[in-house]
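Just so you know, the sequences run in chain order Z and E.
According to numbering that gives the first Met the number 0, the stretch in the first sequence is residues 0 to 90, in order.
According to numbering that gives the first Met the number 0, the stretch in the second sequence is residues 0 to 146, in order.
You may find that some hints are simply not true.
[What the hints assert, rightly or not] Sample of chain Z residues at the chain E side, in silico, Cβ under 8 Å:
(1) S49
(2) G64
(3) V73
(4) F75
[Stated by the list, open to error] Sample of chain Z residues lacking proximity to chain E, with all beta carbon distances greater than 10 Å (derived):
(5) A5
(6) I10
(7) F12
(8) L16
(9) P24
(10) A25
(11) L26
(12) D28
(13) E43
(14) Y46
(15) G50
(16) T56
(17) E70
(18) I74
(19) M82
No wet-lab data here; the hints were simulated from the structure.
Note that the Cβ used here is the ideal one computed from N, Cα and C, for glycine as well.
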Amino acid sequence: MRRYLAILSCIIFWAILVYGVSDLPALGDPEAPANKHVAPRYVEGSYKESGVPNIVTAILANYRGYDTLGETTVIFTAGITVMVLIRRKEK
Amino acid sequence: MKAAPVSNDIILRTGASIMVPVILLWGLYVLIHGAIGPGGGFQAGVILAAGFILYTTAFGLKEAKKILSVKLLMVIASTGLFIYAGVGMLAIIFGGNFLEYGVIPIGRTPAEASKYGIEMVELGIGLTVMSIMLSIFYDIALKEKGE
């Protein structure tokens, strides 16, 4: 019984998700909200503002500088954690 | 002078001695060209760490630790993060916001200063990622060897 309930709920959630997907804009649609908000500014202004031709790098290190600083800190903290938890003493 | 290698596989050792310099050079290329082409600090750090991991698997942990000791790795990791935060603080010192590279007086225009700031930040990311990856590898991968 529980098994059929699980299958049924999976199918229902799948149907809900598929229904939600049908509302999404098409892939690469220039009129999609994601492409109308900050993307034009990045495409047009990132070289003038950041001086680097690679838009990804300009977003990563310039527009999203705080975020990347946090990411680097996360990696650093992960290394420290591994060191604290499982490092053994050197002979 | 040279200790006996851990692996006696001649294919692995010969292949590693050919490939490691190329991998490290490519890692540096990805690091330096992160602002121009595909690449950047995270990718370059992982590539550099992969080169050193290949060296470690071929020649042993002891040899690898002669080049990059555990203490040195932690110093490099902290230095990388310090470079990143330091560039941000430098912008504050020159009167801008945190991480506003344009106000740092290098280069002729704010965009050029921003380019150098981004390069410095990428360098910091690369150093941190490389040394943390290698540190984790040192810690977990070769544990059963008794080294």
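Evaluation of the provided hints:
no.: 1; hint: S49; result: holds (5 Å)
no.: 2; hint: G64; result: holds (4 Å)
no.: 3; hint: V73; result: violated (10 Å)
no.: 4; hint: F75; result: holds (5 Å)
no.: 5; hint: A5; result: holds (37 Å)
no.: 6; hint: I10; result: holds (40 Å)
no.: 7; hint: F12; result: holds (34 Å)
no.: 8; hint: L16; result: holds (31 Å)
no.: 9; hint: P24; result: holds (27 Å)
no.: 10; hint: A25; result: holds (26 Å)
no.: 11; hint: L26; result: holds (21 Å)
no.: 12; hint: D28; result: holds (25 Å)
no.: 13; hint: E43; result: holds (14 Å)
no.: 14; hint: Y46; result: violated (8 Å)
no.: 15; hint: G50; result: violated (3 Å)
no.: 16; hint: T56; result: violated (5 Å)
no.: 17; hint: E70; result: violated (8 Å)
no.: 18; hint: I74; result: violated (5 Å)
no.: 19; hint: M82; result: violated (6 Å)
Violation of the numbered hints given earlier is confined to hints 3, 14, 15, 16, 17, 18 and 19; the remaining hints are satisfied by the structure.
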